[in-house]
Structure formats: structure tokens, C-alpha cells
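Asks: Listed here are the chains, written in short residue letters.
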Amino acid sequence: MRDFDYHWASSLDEARRLGAEEGAAFLAGGQTLLRDLKHHRRTPTSLVKISGVLPREIDLRDGGITIGAGATHAEIAVSEVVRERLPALAGLAGHIGDPAVRHRATLGGAVVAHEVAGDYPPACLALGATVHTTDRDLAAAEFFAGPGRTALEPGEIVTAVTFPVPAKAAYVKFLNPAARYAMAGVFVALAADGRPRLAVAAARADGAFRWREAEAALAATFVGDALREVRMPLDGLAEDLFADAAYRGRLAEVLARRAVSLANGAAPGVAVFSHGSPLRVGVAR
Amino acid sequence: MPDVSMTVNGRAVRGTVEGRTLLVEYLREHLHLTGTHVGCDTTQCGACVVHVDGLAVKSCTMLALECKGSAVTTIEGLAPHGAPLHPMQVAFGEHHALQCGYCTSGMVMMAVDIARRLGEADEATIRDELKGNICRCTGYHNIVKAIVAGATAMAAERE
Amino acid sequence: MDSQTQNPDLHPPAAQGPSVGRPVRRLEDERLLRGGSRYVSDLIAASDALRVKMLRSPHAHARIVAVDATAARAMPGVVAVLTADDVAGVGDLPCDWQAPGMIAVPLQPVLVRDRARYVGEPIAAVAAESVHAAEDALAAIAVTYEVLLAVAEQEVAIEPGAAQLHDALPNNIGYRFRRAGGDVERALAEAEVVVRRRLTNNRVAPAPLEGRVVLSEFDPASGRLVHYTASQLPHVHARALGACLGLPLHKLRLVAPDIGGGFGAKLCFYAEDVICAFLSMRTGRPCAWSEGRGESFLATTHGRDHIQYAEIAARRDGRITGFRSRLLADLGAYAIGMGPGVPAINTGFAVSGPYNIPNVATEVVGIFTNRTPTGPYRGAGHPEATFLLERMVDELARELAMDPAEVRRVNFVSPSAMPHRMPTGWTLDSGDYATNLDAALKLASYRELRERQATLRAEGRFLGIGLATFSESSGVGPSIGMGSVGFRRAGHESARVVVHADGSATVFSGTMSTGQGHATSLAQIAADVLGLAPDEVEVVQGDTEAVPFGTGTFNSRSMAIGGTAVYEAARKLLDKARKIAAHKLQRRPADLTFEDGVFRPSDGLGVMAAAAHAGKKVEDKVVHAVFRRRMGMDLPPSDREAGTVTLTDVARDVHLGHDLPRGMAPGLDETAFFDPEDMPFAYGTHVAVVEVDPETGQVALLRHVVVDDCGRIINPLLVEGQVHGGAAQGVGQALMEAMVHGEGGEPMVGGFGEYAMPRAADLPSFETGHTEVPTKLNPLGAKGVGEGATIGATPAVVNAVLDALAPLGVTEVSMPMTPMHVWRAIERARDARGTKGGGDA
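Residue numbers (this note's numbering), protein chains in the order written: chain A, 1 to 285; chain B, 286 to 444; chain C, 445 to 1285.
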């Protein structure tokens, strides 16, 4: 990787100032940024280390869980608050990457990276999350502006995300056998007001999206079978060695049904399917 | 060039490195702790796993500078020179859980982390927890058995 | 470590008594566990070597019009830049296994001269003070390419009009190699059943966790080169390096320290070794290169890659009467290393496996394509033969509605027929395949599995049981045989055993461990002969200065051949020690036993008693004086007590040389070479149990049973480890691994993000058993075990998935059987049956 200046921010204000400069990039857990630097996908001239100034608390208030952007996936996975009130999110966090990556990677970093196969974006969309930054609060749909892009202005830092607590929720993904992130991932939630929301990750090449047809079908009845006739359009679906558009679309359909079934079942409501590993019997229909 | 300072295997170290120096490079090339290995370029193989502030991390995906003020433990620090092997190391040796040895340091460090977090986990859980550690030689069979035994031995030590 | 033992079943390395056949914990582990390993990269980290980076062709096929390194040479930290002109005097990379009848042998140059023929082919090299400086300089080398059409698949490459890689090879065909026995035409014509298939065996990457790595240190003052490299063949590669560079071997020392896995990838002799040595000779500085993971998928040989056409002829009772195959083997862009010989010989001769098939014919076509060259990969040709045969046997079973275990059983060569000469010409030396199969079926509870399958099918679930039985030639040698099939490498192996003055021993072996545990297994062999504990024996490998002769480790030969050489050298040494002991005890060597490290007269009699027994009359005081002198102590009170001499006593005295038998040289130091008369055939049975989710194509590998026969087991712990690891790689090829290229030869795999390596959660714990039919081809009775499990695992898993999906009408899933491939096969079968509708079954 190219060399860079390194700044250890001692306050959020200092971080914003340094991060607003040209060629600067924020470094939190580093699991996506450093990977990108090693492969020359990004070439910042200065890194601003913000782990020390990002909030990390996890609080339940007003029917929502607010998680500091500096919380690691490992911390979120074992948080009693999250496990109790939003176990699907705890389970999601607990299955990102691998345990060593989870010890460093943060919610803020994942949300800002907005990867096509990222696990948080569909959760944010399906739960109707709010992304808090140093400057404003944004609805998740506004925050995610395209694959790898967000609505953040230069120097603006994500400080926390609030996830409204749903009545039901589940997350299901099928791993790419090589990269071991999602080949397709579905987060479904039945909001407290009874409205279903379902978001799909890793299917479309432009990132996670709310699947409106599926939501409409689920509005009638919130069961997996309600999605039997709902087809994922193949246009714009991502393609790689392990999933072409046709397979990926079918996978998303199957996982959506399973996610709804799981949401109707007992907690924690998370299933990770992986080639070679045991089938999740009971979720097969 | 920036200064770097941290504790490695209980010893305070300082140096001056380029910002882009990865922790694994710092350990191997500056401190000559070559027990930690590099096996891939996509943060997947786990040959580089060490402990930073008590948690398993991939030293190929951390900058040395990020470890300012932190305590780093490498495989060499698990059983310092002359000290008896850590129970997890003993378990690996006794269960033939290493062949070429290249993944072993990272595997042992991850195993210790798993045992600390989850105690005496079952085999299915251990296999899941090893998602970020690739072994090409052993087929994982003996590694899993070793981790079960090592976790039990670690629990016994704590009592 | 013994005081901390957690596993009471182990045989402690310090224990006396026979250790061969016992589970001895590895002697080398403590060092590796403490982080004290010394891979070449560790030596580089401690050195001030220049760092070398290679500029590689981004095109699968391109003429190199010009290479301009001027800017690169001027960059900071750059010490040297090499292009083809700079290495004009350097020899091409060797191909030491040229298939018989090869039309021409297109060798790979060290740096591209006229045409790059695969993405990744080395074009230039930079040596700089740091990795970063070298990388920056690479970017500054300006290359002008004239891009040419490329061929990236065998059947495309042999089409008339396809792009030609090498002028001397029309249609890119390197050879057509045929083996036949009997009359297969007639068998096909007269058969009651004929099954025909086209199958593919996917290209895979061996992908040891340690990439290739070189540190070369030339000392201008002495003209000596010390070359550190991760090589499975230190002596062969030393010769290759010397030949390429014109450096005499007495000035060249090649060291392979710890190696992080090989699996065949480190058998080839590569350009980067030559480049680093050349740069070191030119700059007078040590030069180091290490392969990045992404780079490894371009720069290191791949394995397998066949398109296979097969016809199997049989009677209705399951007896196979004929087997014909045509195999299109992709050699990649060049003939390098063992590449061409592997498909021709190892597949071509092995096509009938463990079965008694009287009429066999095969044609192996070696084809060049614009892809990374192929080479040996765990099994090297046998997996390709076994996959084909075991798939066809299962197809036959399906056609005949017979149990696949029974079809195999009725076709096995029986033990009473051994040694059995196969129609292709190789000879199965020993084996009891039916007993082995039965053991596997029992371990798997086969009958219960079939019942469970039926129950689950009724519930709409898809359980599959897959079998594979295989035999493989292991322990390669004999040298004469190798020569006759174009393999220009020795088949013998050397060992030197030395017993030091304190009774401890060192074994110098020409084999080379890349994780197999030779430091323990070879120590056990020597220790048993010499009455030592395994931890009293040190094994030295991988240094051409310490071990002057050697062949290396490949084709599962290190115990059968290398171990036998150790055994023979140790026995020679023991014979000498026995003579010395006899001299001390005033007995004949044949009168002595040797047990637990002690020579004692077999009749248990003391000197005087023995003498009296022999009818001699000897004066007391003379006897006492003689005894005192010989034994260094007084004759025990009882003249009936037998004197004893330990090996340590002999060792001490033999180095002093004060009192040796007349004419005997001092020292205990023997070398032996073993060149076998033929290859022993290891074999085994695999039973894989899977469940398939038809909605997603996910395959769950529920159980994997292996009963392996590698002849006499030296260390069961190590054998188990080879079975587990070998099976894992076989499963990987079946389910997820593939080195994929686009139509134009562009690699679609850049690292582990696209190349699916099996993880712990993908695999079950393996259930293993062993049968142990020794071979007569070496005194140990040992066959090879390193590759067998890979050979058997792949077809077992494939057969299991097809068995699972048979009710859905699926007849083929190509490897790797990824979820998408499985799902697609199910969809195709459904479309073929005319069933419409979305959703699941």
C-alpha cells in the first residue's frame, strides 16, 4: 500500500477537521479500509484513527436500541440488551466475518463501507434504522446512497445507529464458499406497528434494497408461504463464480421465505447456510 | 516517520516505522518474532492471528501504529522461553493437530481465544469459530479435538 | 512436554522399546508450537536481502514487442532489473518428465523471450532495497505487447484453426499416449451393457498455506551460492539450478528449511529460484522473493484439469469386461517439471484401478493451452483415473440397478491373484480389497444408511451415500521403470545413519518433509533397529551439504523408499556394531542377540563358561586378564554370568578406536540406497454421506468414512493425519475448489476470495479404519499413505451427491459441485422431466 500520514484523533471535533481534508480517510476497526489499501482500491494520503473517540455504548430507549458506531461486532453480538430485545441483530453481528475480524470491525465502519454483501445494510433498511452522524440524523434509506457510497459529507462521522425494536425479526444468509460473506442475505422484520419490511443484501449489484413485492405479499399474511409466488427480478443481480443471476435470484427467494419462517419461530432468528455444513433442518420449507 | 510503542509479550517496545507498516510486518521484521505467519492477502487465512489487549485479531489487517499503548501477545509469548508449554499448545502436540506448522501459531492463538470466550465449547461450535483459520494439511479433525482437550485443560487450570 | 501429557494413548518419544507401529508424538512439534519454526520467509525477515518482485504478463497470449526498464532502473532503492536479454545465457526451466512420444517439448524460459503464453508468466524482475521500492519499480517497467488470440480449454485448443502456442506443436497437441491390453473393441461389441459418459475433472490449485519463497545468497569471494527455497526435491532442484546458471554443484548448497506444505506445488523447479540466484550473483547481495497469495494462483502449477470420455462394457451380473477412455489433459502453456508425465503415466497406466478388467484401452492426449502450467497435485494422475473409474462404476451400478458396493466387489482383483499384472502393464503387488471394502461398509453401517435413506426419501429429504474404492501406485521407484516412461529422475533414495560417541544417532535422509513428520517416523525406524528411543535420533533433511545424495518426496515414497533406506543403513550400522560387540565379548557375531540396545550372547553364557562349554581349557588368571582388558572391568564373580555390551559402549569405543577388530575402520556411519523393484499399491475405500437441500443446492457432508491400507504402518498418528488432510483436499475439489479461467485465458481467481478453501465447518470428523496388508517390495512392508485419501475422497463425495439426487432425475453434476451447480442440475432434470413451476419439489 502507499504510505500515509497517521493522526490519532483525540476528539470528535479534531477527527472531523482532519477527516475533511483532501485525501483523508477515517480508520476505525480497519477491517475494510486496510483490506482496500492493501489492494490499492483506495489511496488516502492520511488516516485519521477515530476508535478512541467514537461512542461505543449500547442503550435501549424509546423503543429503539442505539448502538455507538465504535461498538465492535463482537461486542454487539454478546450485548445483553441486543440479545434480549433484538436477537436477530445480535446474531447478525455474531456471524459477520470471523471471530478475529469481529474483535476489530465496528458497526460504524461496516455501515460506512456499505458493501454490496454487507450484513448491516439490509438490517438497517428492514428495521427502519436511523443513522446518527456528527451533523445530522438520517433514515437508513437516505444514508445508503449506492454501492460503497453513503450520504456522508467529507469530515462527517457516523456516531451511532438506532434500530427500532420490532415485534419480530430474522436474518438469513447463504455464504459464498470462497469469500464467506453473503451470496444472498435477507433481513425481515415485522415492525411494532404490524408492517412487514424485508431487505435483501448481496443480490443486486448495487447493494441492499427493500423488496417491495415481498413486503406487499407479507402484509396480507406474515408467513413464509406467502412468498411462494413472489419472484426476484433478474435484472441487475450480481454475478460471480458462485452465483449467476438466475441462481442468486432463486437463492434470495428461498432465503426470504426462510427468514419469515424463522421470524415466526423462537429467538434468536438467525440462520447461516454454508456449503458443506449441516443443513438447517426445520428451515427447509 | 511516526513512532510506535506497545507492549509485546510483556516487554515494552518502541520504534519508528512507516505509517503503512502492518502489525505482522512490525512483529516479524522489526521485532524478529517470526512465529506469526502470513498466508494470504485477503484477511481470510488466520496464519497471522495474535492477541491484542486480550482478544484474537488478524495482525495482517492492523497497523502497528494502531497498537499504541496496547498489549500484544504472540505465539512466542504464550509460553516464554524456558517456560512449560501452554495447555493449548500441549493439546495440539498431543493430538497431532499440526503437520507443516504454518497455520499453527494463528490456530493456537485463535484456540486460546475461543476457550477464553466460550469455555468448553462443543465440536460444532469450535468448527464455526474457526471460520477465519485455514489449514491445508490436517483436515481440521485433530485441531478440533485438540481445542476440546485444550479448553478442558485451561478450565482445570483456572480451578 | 511429557509431564503435561493429556493424551495417555501416545507412545512417549523417550520410551525404550519398539516404536514402529506405535503412535509416537512428533519430535518436531515443540519447536513449531513455540513459534520457533524457520520457514524461508523467517530467514528473509532476519536478513538484509534485496527484495525481488516479478513483472508478470497480464495477457494470456501476447508477443513481447519491447521491454523498457530504463525508468525502473533509475528509481530509488532499485539495485537491478532483469529482462530476457539479461538472462540470455541462462538455461530454460527443465521438464524432467516428458511423456513418451512427445512430439516436441516446449520448455518455459526463465523470462519471456518472444511470447508470453499465460497470464502470470514472468517477464521481468526487480531487485530493490524494500518490497515497496520493488513494487514501485515494477509499475515503471514499460512493456509493449501485441495481444494474440488465446485458447483456454482443451477441446478449443485442438480445434483446427485455434491459436497455436508453439510452432512445433500443431493443434497444440503435445502427445498422444496409449496403453492397451486385451481386446476392448470386442468387449464393447459383445457387452450386454455399455455405459458412455463425458466427464470433467476440474483444475485446482494445491494452495499450501505457505506460498513459494526463495532466499539466494551468493558469496562473490568464494564463488559459493547458498540457496534457501521451499523445495520438495532439494537435490533435484540443486542440479536444476546449477544447470540453468552454469554453476558447478560443488559450489552450490541448497537448503530447504521448514516448509509450510507442498502437495506437489513445490515439486516444480520455477523461474523465481533462478532469478534470485542470478540476481544474487550479479549484485553480490542476498536476494529474496516471496509469493503473494494472489500471485500464487498465477505463478504456481495447478493440478488435474481433464476432459474425459469413457465407455464401460459389462455383463448383466455386474462383471466389467472392458473399459475404454480418452483423456484430454491440459498441460497449460509449457512442459515444465513433472507436468506432461503425470496424466500420461499416472493416469494412463492406472485406469483399471483395483478391478480385474481384462480389456482396457486408454489414450491420453496432452494439450497445451494459454494457462498456468499444470503439475503434480496430491495424487498426481491417480485422482483423475480414480474419479473416472469410480464414476463409471457407479453409472454402471445405476444402469444395472445393482448396489454399488456389490458391483465393486464382484470386480475386485482377489488377494490370491496377487501379484496381478494389469492390462496396462503395471502390477498390483498385494492387497485384499474386499476385506477393506467390508471394513468400510461396516464402519459406515452401510445397510442402516440405505434404510435411513429410504426413510428420508419418503419424507422428501435427499440423503446420499457415495462409495469409492481405489488403488494407487505409491513408493515410486524403481529407477529403471521411471526411465522407461520418460521420467528423468532417480527412483532410489538415500539414507546415512551415524551413531555418535554417546550413543545418540543422526539420520541424514534424501527425502523432504513438508509437514508429514519425517523427523519422527524416520527416527522411529532407525531407533527400532538401533534399540534407541525415538528422541535419541535426529533426522536431517533438506540440505544438500549435509545430505549429499537424495531424490526427494513425491508420489508417497518417503516411508517405502526413504524409510527403507534408513532401515538398511541402520542395519548395516548395527552389523558393524555387532562385530565390535562380538569382539569385545569374544564371541562370534552370530552368537549375539540385540535387544533394548544391548548385545548379549544368545546362550546366556559368560566367556569362561562358554569356553568351557566349547571344551577348551583356559587358565583362570589369563581369562581374568583378557576380560579386564576387553571389557574394562573385572570378570564377574560368577563365571557363568554373561557379559553384555550396549550400543553406547560400542559407540564410545568405536570412536576411540583403541580396540577394534583388526582391519575395521573407526566410526559408526553407514549409507544405504534403496531402489525398489517395483511400486507397491496402496488402496482404500471411502464412504461419503451427504444430504442435499434441493432448494439451494447446499450439500451437507454428514459423514466421511475411510478405511485405508498403506501396508505396514510406521506411526498410526501420522497416518491418520495424512488420511484426514488428504480427504479434506479431495472433498474440496469435489465441492468447492476450482481454478477458473475465462475464454481468453484470463484467470477469474485472484485469491482466497474466489478460490474456496475448505474450512473446519465444511467437514465432519473423519471416521477411519485401517487394514494392513504388507508389501513384499520393501523390508518394512510399507506402502505410501500421503495421497490415498485425496484420491478416494473426491469420487466418493461426487457419487454421494448423485446418489442423493437420483430420485430427482439428476444424472450429472460437474465438479466443483457448488450450490449453484447442484441447483442447476436439479433444475435441468426437472425441465427435462417436464415438471414446471417455481418453488421446491
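Among these hints, one or two may not hold up.
Unchecked claim - With a Cα cut of at most 35 Å, we get these calculated DSBU-like pairs of lysine-lysine:
#: 1; chain 1: B; residue 1: 430; chain 2: A; residue 2: 49
#: 2; chain 1: C; residue 1: 1220; chain 2: C; residue 2: 1023
#: 3; chain 1: B; residue 1: 430; chain 2: C; residue 2: 886
Everything labelled a hint here was simulated from the structure, so no lab data went into it.
Asks: What are the numbers of the hints the structure violates, in ascending order?
Replies: 1
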